[in-house]
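With these hints in hand, go ahead and build the complete structure from the sequences.
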Amino acid sequence: MNPQKENVKTSAPKPRKKKIQFSKFYPDFLIERDWDKCIKCKICIRECTYEAHGWDKKRETLTEDHSKCVGCHRCEAMCPTGAITIKRHPSAFREHDTWKPWFIKNVYKQADTGGVLLAATGCAVPFRNYWDHLVLDACQVTNPPIDPLREPMELRTYLGPKPDKLEVTLEDDKFHLQTKVGPWIKLEVPIMFAAMSYGAISLHVHQGLARAAKELGTLYNTGEGGLHASLYEYGSNTIVQCASGRFGLHVDYLNAGVAIEIKIGQGAKPGIGGHLPGEKVTEEISKTRMIPVGSDAISPAPHHDIYSIEDLRGLIYALKEATEYKKLVFVKIAAVHNAPAIASGIVRAGADVVVLDGLRGGTGAAPTMFRDYVGIPIELALAAVDERLRQEGIRNQASLVVSGGIRCSADVVKAIALGADAVYIGTPALIAVGCTMCGRCFTGKCPWGIATNNPDLIKRLDPDTAFEKIYNLVHGWAHEIQELLGAMGLNSIESLRGNRDKLRAVGLNEVELRILGVKHAGE
Amino acid sequence: MAFEIDAKDLHYRELNKLIRKAVAEGHKHLILKNVNGQRYIAAGVSAQIDIDIYGVPGLDLGAFMRGPRIRVHGNTQDGAGNTMDDGKIVVEGMAGDVVGYAMRGGKIFVASDVGYRVGIHMKAYMDKVPVIVIGGKAGDFLGEYMAGGVIILLGMYSRYPERPIAGIFLGTGMHGGVIYVREGLPETQLGAALQIEDINEEDEKILRGYLQEYCADLNYDFNEVMAAKFVKIRPQTHRPYGKLYAY
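Quick note, the sequences are listed as chains U and E, same order.
Taking our numbering, the leading residue of the first sequence gets 19, the next gets one more, and so forth.
Taking our numbering, the leading residue of the second sequence gets 70, the next gets one more, and so forth.
Careful, some of the hints might be misleading.
Simulated crosslink set (DSS-like; lysine-lysine; CA at most 27 Å straight-line) [stated by the list, open to error]:
hint	chain 1	residue 1	chain 2	residue 2
1	E	312	U	37
2	U	76	U	55
3	U	198	E	312
Derived from the structure by calculation, the hints contain no laboratory data.
Printed below as a string of structure tokens:
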């Protein structure tokens, strides 16, 4: 018994008082309106899905509620007179290196709601970004660089197990390959589009990704939300995903693509499942996921039929049997401490491709603590996994695909030099279609029409534009990769794969150098 | 005429090839003899066909399948009906763990006991309602994360009289569907935030429908099965985690 509690006076119920919300007092952003330029056309009101802009009827003027602004810049971009600027709100707390505004505001939010902090995008903590400490080699004097504009340059990549050795016979002066190889997946560029489910992002973005993958000769990944009927025609450029929720997963779906990815984990939230909030389960989403409208789509943390490497082998071969060994099976894990040992198990379980998703991997929704503090950077995980698989003599038995924090073509080149066969990009593809990284994907209100399925909002991004922007991005990166390869004197991406001698580190310590298997610049 | 396959000494890959070949040739009834732990039998098979299995099928019997009606004349190992889409699996004995994981349609009738994690994340959509009927008892986590469909637990034909009818954490995280339990169960076995309710007329109708079919398939006495009171466990909300977050 709590004596203090016992003595509490039971007075008559007071009139309901509005609860104080500390988190609303200190806005993140400031909407600055230049009244000389503003023509009161109210476009800002229509464009803002968070209702940060308003109209005061009495005073016949625009109003703004800074506390509702998420910093998406939609109003700023759409304002016909350029009258709006979105700035960081200048209201400041006293300087404190430990208690930065981020932590103070998060405490307010949780004190107000008692909830779990939710975030989107990838890890926002400035852990060392190893890509930015790695530099590439180039030819000078002793060996000539190659100009990809006048000489062929091959980016073609084959995913799938490679044989330990090739048996060749000579008959009638011709060589004949005796070893049975494949099935393999041919990529014209070693950049694929990462799993982002229909539901998390709009159908138009999916259509854009699918078309871009087809035109570029690469693959996109359905994510775990099933495959919309309009996308079956892109099958030869599709990876279908099998996650723990098994949404929209049936025989036609499994057979629709060229590969099936078993999603064990993702870099943004290792160790926990997914959760598409009921608000985002609209009529169309419901059809594709095959769950009722408005129902939460919950993916359990583990696949409950996989509690071990043996069980994983069980599912890998169940999928292979169900698709008659015509599809490659990918297994995707978040990069965690024991990634090398786990990857070894995945290869031995029969996966054709191992996917590692690093700490900085993006998401439409993850608990902030997971997004920021669970998992390890992809650069270290990749180097460690590639090394481990080589030591065990099984590196050829599966391809290695990495993702999570790849921002430019040089990151792709460095990843391949560290041992990756190909990379997945998610966030860059979304930024290409207008994402401003405001990180509010989980609200379903994306003002750019990307991370939403609100029928009015998805019109803001049509599939043709999505296709064109994504295609352009990868087209540009592909040419940059050719240039970088040429400068190193290589004419094929295959010659770069795992070729860590083409990398040097700047400003890393000995442990980091050892794990990355890279020499320091100057060595 | 039934088409017979002798599974003795066959690897599952060869066995499945023979099954798919027989399906492609238009056979409507297959009899698999001497099955001894072969995995993935009829996995991904999309056809209206009857399959009689003699022996013990291995992991993931009928995984992803759409349509086949399988009768196991004996026990079956783990993962029967994994992510099954449509069809029917009748097991004349016991079934292992993870029966009907993420099952979307069709029926699984087990004569006796099942293991752990049965019916996890089953889901229903429109006219597709997956159904699992268990004649014996179930291990822990029955119907965990259940999003739709029907599980009926009878507890009558068990090899383990000393055990409770269901293990612990029944229906944890359940956000759709319904679990019926004959003669009720102790609250200690329930997952968090679930309640045991009495059944109504609508439930009675559902139970009668499925149990009539179940009893006919397994040669049980329907009147005896229906002679006891059933209870039901349903989720309180289809959005169990709607208020979890702060943003």
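With the threshold set at 27 Å, check whether the alpha-carbon distance from residue 198 of chain U to residue 312 of chain E stays at or below it. violated (54 Å)
Is the hinted pair residue 312 of chain E and residue 37 of chain U satisfied, with a Cα-Cα distance of at most 27 Å? With Cα atoms ~18 Å apart, residue 312 of chain E and residue 37 of chain U stay inside 27 Å; holds.
Take the C-alpha atoms of residue 76 of chain U and residue 55 of chain U, compute the straight-line distance between them, and say whether it is at most 27 Å. holds (21 Å)
Hint check: a violation occurs at hint 3 only; the rest are consistent with the structure.
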